[in-house]
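Going down the list, the sequences are from chains A and B.
Just so it is clear: in the first sequence, position 13 is 14 by this note's numbering, and no numbers are missing.
Just so it is clear: in the second sequence, position 59 is 131 by this note's numbering, and no numbers are missing.
To be clear, the hints were calculated from the coordinates, so they are not data collected in a lab.
Certain hints may be false.
[Unchecked claim] Straight-line alpha carbon distances no greater than 30 Å define the calculated DSSO-like cross-link-like pairs of lysine-lysine that follow: (1) B:K129 / B:K86; (2) A:K107 / A:K56; (3) B:K81 / A:K72; (4) A:K104 / B:K129.
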Amino acid sequence: SQKIEQNSEALNIQEGKTATLTCNYTNYSPAYLQWYRQDPGRGPVFLLLIRENEKEKRKERLKVTFDTTLKQSLFHITASQPADSATYLCSPGAGSYQLTFGKGTKLSVIP
Amino acid sequence: DGGITQSPKYLFRKEGQNVTLSCEQNLNHDAMYWYRQDPGQGLRLIYYSQIVNDFQKGDIAEGYSVSREKKESFPLTVTSAQKNPTAFYLCASSTLAGSYNEQFFGPGTRLTVL
Chain A
2 SQKIEQNSEA LNIQEGKTAT LTCNYTNYSP AYLQWYRQDP GRGPVFLLLI
52 RENEKEKRKE RLKVTFDTTL KQSLFHITAS QPADSATYLC SPGAGSYQLT
102 FGKGTKLSVI P
Chain B
73 DGGITQSPKY LFRKEGQNVT LSCEQNLNHD AMYWYRQDPG QGLRLIYYSQ
123 IVNDFQKGDI AEGYSVSREK KESFPLTVTS AQKNPTAFYL CASSTLAGSY
173 NEQFFGPGTR LTVL
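Just chain A, same shape as in the assembly (with noise of 0.2 Å):
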């Protein structure tokens, strides 16, 4: 069955430096990847898609990596806030109009 696993539960980094948050799936060949942000008590907010023709996108801060042949996407914040801390979701896509997500990463910027 298709599975995706984001590397941790939580993650905890000092503010200023460069967070990486990790998202693997097996059993899936997904046609794009999509990462989103949660913040306690409310819905997603979508920040990024990459396809899997593409190596790398990039957002202000925010820089996606999408590797097909590891079935990997790393997700980097740089210069990290506190006010980047959140849950963030990975979401691989293969073409339906349903969405699997992965169970998140807890991100704790501190000051």
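Model the placement of chain B on the given structure of chain A, informed by the hints.
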């Protein structure tokens, strides 16, 4: 403002009662979705709809029902057959065009069964 609204934000229900969660969008999106989120868990798809008067079961549809009579609305009923209904429920919508469908989520409804 365009977006998705869910009501109520908090809902309490006694065991054995059916309850309906509201979801409305004014984004002119064709597709709508219902997810359930439990503490420490990912989002699990309950039902989704691509067009009016049509919907499909997701991974955990048992004990739930939906309707899609209008493009803007996709209410979810949690029936008494749902064994463990206490959870955070999220509604989302997306455009139908193309397969790279970014989803827009509502603020969620937290259902507690007493």
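Hints and how they fare:
no.	hint	result
1	B:K129 / B:K86	25 Å, holds
2	A:K107 / A:K56	25 Å, holds
3	B:K81 / A:K72	37 Å, violated
4	A:K104 / B:K129	21 Å, holds
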